[in-house]
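J.: The residues making up each chain are set out below.
There are 4 protein chains.
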Amino acid sequence: MSPSLDSSAQNHGYITEKDDYLKRMGRIEGQARGITKMIDDEKYCIDILTQISALTNALEVVALGLLNDHLTNCVVDAARLGGPDANAKIKEASDAIARLVRS
Amino acid sequence: MSPSLDSSAQNHGYITEKDDYLKRMGRIEGQARGITKMIDDEKYCIDILTQISALTNALEVVALGLLNDHLTNCVVDAARLGGPDANAKIKEASDAIARLVRS
Amino acid sequence: MSPSLDSSAQNHGYITEKDDYLKRMGRIEGQARGITKMIDDEKYCIDILTQISALTNALEVVALGLLNDHLTNCVVDAARLGGPDANAKIKEASDAIARLVRS
Amino acid sequence: MSPSLDSSAQNHGYITEKDDYLKRMGRIEGQARGITKMIDDEKYCIDILTQISALTNALEVVALGLLNDHLTNCVVDAARLGGPDANAKIKEASDAIARLVRS
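Chains as they are written, first to last, in the numbering used here: chain A, 322 to 424; chain B, 322 to 424; chain C, 322 to 424; chain D, 322 to 424.
Calculated from the structure, these hints are not laboratory results. Any given hint might turn out to be false.
What the hints assert, rightly or not - With a straight-line Cα cutoff of 20 Å, these simulated EDC-like cross-link-like pairs (lysine to aspartate or glutamate) come out: (1) C:K344 <-> D:E350; (2) B:K344 <-> A:D361; (3) B:K358 <-> A:D390; (4) B:K412 <-> D:E381; (5) B:K339 <-> B:D406; (6) D:K412 <-> B:D390; (7) C:K412 <-> A:E338; (8) D:K412 <-> B:E363; (9) D:K339 <-> C:D362; (10) C:K339 <-> D:D361; (11) C:K344 <-> D:E363.
Generate coordinates for the entire structure from the input sequences, incorporating the hints supplied.
T.: So, in structure tokens, the structure goes:
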């Protein structure tokens, strides 16, 4: 994990949706275990690829949700900080978006 | 999982690389659990997104490896089958590729 | 083009980098014409796909640059607007990011 | 453009769909010019990003179509060649797919 502007802090306030994210992640963990088992059982390759695409899409939903939450908070934080700190916050978010677009 | 042309068969012969795939999947399962814990601990959003991008990239390596194995076998199978069955095999692979490109 | 929150306005202030964007787009237009010609000349498929990937990557650089510019301005605008208008701005940006991640 | 296994050859036999591909590329060229104009006119950033996503999706359709054509022919060619030449053909296609998935 690369260092971030705020990695030491603990509570970042997305608690309202937290249960939803945790449920999604529980399903994603199950999908990962299912893919491992399919490979171990030497299931048909195309079926495994279908499951990998499904897991990737499920993970994308989590990522886009977290990103939207972050931007909402980021706007408030950056506006409060102003100047170079605000720009650093935006740059950090843009870099995370670039990694998502390319991953 | 959508029905596939060969979903009933068990052994699809990628046994040589199987250990490598299983090791990768073991790490991916660990990454998924790590992301769940980060959300539960309300870690900084950007750090979670970084881990999600890393998991997606790791899964992509598995998918592209499986796809290469499949195409190698698919060529042999399709050439043996010939005609419409060969085209159906190719179509099935192309559809899996399209899902990967879009996921 | 779907309606946007601010589609009537003309000047959105990214003039400083405009020349750079226009140069990149000029090259992208050239790449698109090159791909058309390769198809018309029935060049080798893999070579055409390589050019398509290059064009996609070049376009991604433009998109990520514009998005970073937008977020920078968006922060200022949304902070000034406050409340539901701020959230609408963020939602609009998040939707654009989701389209990029999925495209 | 990286060297390919067959870059000198001219006719690769996808003539039947060629008109369709050329029509699609004509529209894509128009989309690229439209995006250039939007940047030059300093249109609203989100609207430009929407058009970039549309162009990327249109290009993806062309790429996936060409890839399907290639795999269909590739199977025949590789089966005819056999042995290491067949594997080289498959490897080349897999590499092109990896570039598409990552672009």
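J.: Evaluate each hint against the coordinates.
T.: Hint-by-hint comparison with the structure:
| no. | hint | verdict |
| --- | --- | --- |
| 1 | C:K344 <-> D:E350 | holds (16 Å) |
| 2 | B:K344 <-> A:D361 | holds (11 Å) |
| 3 | B:K358 <-> A:D390 | holds (18 Å) |
| 4 | B:K412 <-> D:E381 | holds (17 Å) |
| 5 | B:K339 <-> B:D406 | violated (28 Å) |
| 6 | D:K412 <-> B:D390 | holds (10 Å) |
| 7 | C:K412 <-> A:E338 | holds (16 Å) |
| 8 | D:K412 <-> B:E363 | violated (43 Å) |
| 9 | D:K339 <-> C:D362 | holds (10 Å) |
| 10 | C:K339 <-> D:D361 | holds (7 Å) |
| 11 | C:K344 <-> D:E363 | holds (15 Å) |
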